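K.L.:
One-letter residues, chain by chain:
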Amino acid sequence: MLNVPVARHRLENGLRVNLSVDRSTPVVAVNLWYGVGSRNENPGKTGFAHLFEHMMFQGSANVPKNRHFELVEGAGGTLNASTWFDRTNYYETLPAHNLELALWLESDRMGWMLPAMTAEKLQNQQEVVKNERKERYDNQPYGDWDERIQAMVFPESHPYHHSVIGSMEDIGAATLEDVADFFRTFYVPNNAVLTLAGDLDPSEALELVDRYFGEIPPGAPVPPIPGQTEIPLQIGETVRAEVEAEVPLPRVYMASRVPPVDSDLFHGADMMATVLGSGKASRLYRSLVRERRIAKDVLSYVFPLQTGASLLLLWVTGYPDAEIDTLEKALVEEIEGLGSVSQSELDRAVAMTETHLLREIQHVGNRADLLSMFDQVFDDPARLNSEVERVRAVTRNQVQDLAGEHLGDDNRAVLTYIPKGSP
Amino acid sequence: MRPFEFPEVTSVPLPNGVGLRVGRMTQLPLVTMTVVLKGGESVLADPQAGLAVLTGSALEGGTKSRSGPELAEAFENIGSGLSVHTGWDSTTVSVTSLADRKDEAMALLAEALLKPGFPPPEVDRLKSQRLAAIQQRRMDPGSLADDSIAHFVFADSVPYHRPLAGTPDSVGAIGPEAARDLWSGRYRPEGAGIVVVGDVEPGEVESLVRSFFGGWDGTQHAARSFSPEPRTREGRILVVDRPGAVQSEIRIGQVGAPRSSPHYFPLQIFNTVLGGAFTSRLMLNLREERGYTYGIRSRFGFRSKAGPFVISTAVATEVTAPAVREAMSEVRGLVEGGPTPEEVSQSRDFLSGIFPLQLETTGQVAARICELLVYDLPAQFYATYRDEIRGVDLDTVREASRAVLRPEELVVVVVGDGKEIRDPLVDLGLGPVEVISPT
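So the protein lines, in turn, are chains A and B.
All residue numbers for the first sequence refer to the working numbering, where the first residue is 1 and numbers rise by one.
All residue numbers for the second sequence refer to the working numbering, where the first residue is 1 and numbers rise by one.
If we strip away everything but chain A, and leave its shape as in the complex, we get:
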């Protein structure tokens, strides 16, 4: 159904390169995935992959501080980066004739970042990231939910036990030596995927990529992920935590381990979550929000993860006077109901997922990011084009079996938030 063109190349230093031509608009997306995320952080270094991402914008051998932003914005482009459990991505989208600028900037920091690092820059970005943590976690109602849920779903020995943002203490303790070690270990061409999508000439683009990235020496193979990466796909029990906090409404979070993103069962888990709680015809919305009117809102989502297990997340927000036990009980009833899934509701979930994917890839930047992802995770960027077929192949039986296997009381983390001062 999809027909996103993609040509693969590999430079001698191991950099994987994908080119996807689309000349409908004179813009080009440059997207770089590094195979490093919070899962690669050692004990005492939580949050470092993300802090390092900030340092990547602090200049490199030929690019002074702030110049990276100035050059891309001055060229009429947008840029950003993000750090996640399994990867870190850097991206810019800009007028097509400025492709070379983006390649130069990305290659300068991939090859020659360290000469520009100073203690002052590190200290500045430590403050910025501490503020980011305060803004998103500490000064935000329910802001620390993901940190708590991760620690409940994954054992201390597993790399997903800690959050991507990391602890204040670890953020503050990072040193320039950590920056240099991390750079030499993970920011090497053989640990990266570069995707260019949009209005480009493939042979010209490849030549530019080779010119700017070709001379960056390869690094050693990246070290194994610390800790215990193999885990059972069930927690083994129901883990509970209750938080009394400055929140306006009571809320129940429930999370479970489900198959990792590269498992054949992943799409089944994804459709299970969609049937359960995506859209206004979904079970949770229909029952808890519309009919019983005990929930103000519901959410259901699978975080696609690579290392051992993915994470399925549900939440139900109650009205001010809601009993937390009633909310949890209602959620469990709907989960148990997944023992029987109708073909029509599965068809709805599939149709919504298809439209969603098409809407996503309207953005050239998202297209590039997905190609990088499929390359990194599956060694096959063109897999994007058959994604819809895999979603369509999910059956009722699979969804029912997955529900039985992964949503029982032997695989739940239940985190409840209760407004401070409520009886």
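Please keep in mind that the hints were generated in silico from the structure rather than gathered at the bench.
The hints are all genuine.
Taking lysine-lysine pairs in the DSS-like style, the calculated list, with each CA pair at most 27 Å apart, reads:
hint, chain 1, residue 1, chain 2, residue 2
1, A, Lys420, A, Lys329
2, A, Lys280, B, Lys115
3, A, Lys280, B, Lys64
Every value quoted in this text rests on a predicted model; they were computed, and no experiment measured them.
With chain A's structure known, arrange chain B on it following the hints.
P.N.:
For chain B alone, coordinates are given in the frame of chain A:
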């Protein structure tokens, strides 16, 4: 540099007064269909605040022939969904679907919009949800700061002084028939638009629209008029007290400019220099130089009347006063001294370069076309947008910012720990500092 062309738009007037616009984007088999109704929350008096938002969301309650769940199933069977957005100046009701499901999608859109059921239990349920959402906003420091700055910038006679979705009192007072009444008076074809963008043929769309919307009639109630007066002309600082808060949410604002302002383009450049991009003065100073914040931005809310100009950031409690001082000095410095020629040219290139990136999806393009209808902008507006941006020079930026902004009248709202931040804020000498409780 290859030129970027805004998608070709065909305009078809229909007998009932609806303007039909069809834009072609054929890269992917998708279509977005939007009905845009002029007059959003700003046509309502304070006691009715939130009713337009509630009415829009109550369309999901079902139609004359389908219950709410049946309507949701019908949309989701074709991989779509009803998306309703009510702002100050308009309500848009939209669906996006695969192009080969457009007939069904438009039939459902028309049914939801023209034959809503507004069953009382559903209206009541949505009202409860809205009330709970208001409660959530009040405990979220960022939303509380947004709502507070709006209140302290605009006079009580201006609807913009209140939260868009209303207050506990106004929403609590909404009766079972109110949504239907608003719908009868305002969801009318005169002055409304139907915007269809995607992999479609204009002729085909026209006949679909004629068959599903041909019977839509009636005229809109007149909008109420108001003048966007400020609450005060005195600079002042309000501290909304949250004892123990680890951060302060800061908003600095005043009455800005309307969408029809002759200064529209120069103000966009001004804002890019001040706080509209990564390399803006505010970001470079408060984030990259001082590490006070994760981010700081400024923006003009261009509405049918002058909307707010607001600077927003969140900073650690202990640097609250210095952060306010720095932000104030940046805005004052830029209004008084003007930008540098490099900043102007950098901002022109930025805004004209990112323009195509804001028009990648059928939904984005449809929303832009709706804006033309809501604000009575010329059909050529987007075709000439980049030329207009490129035509802005240093003098026009300076002139525009001086005509619109009065730095000595800026109002500061800080949601944070009053005990810790009050005295340092007083020491700034920017005006009276008042500590108030969140209401």
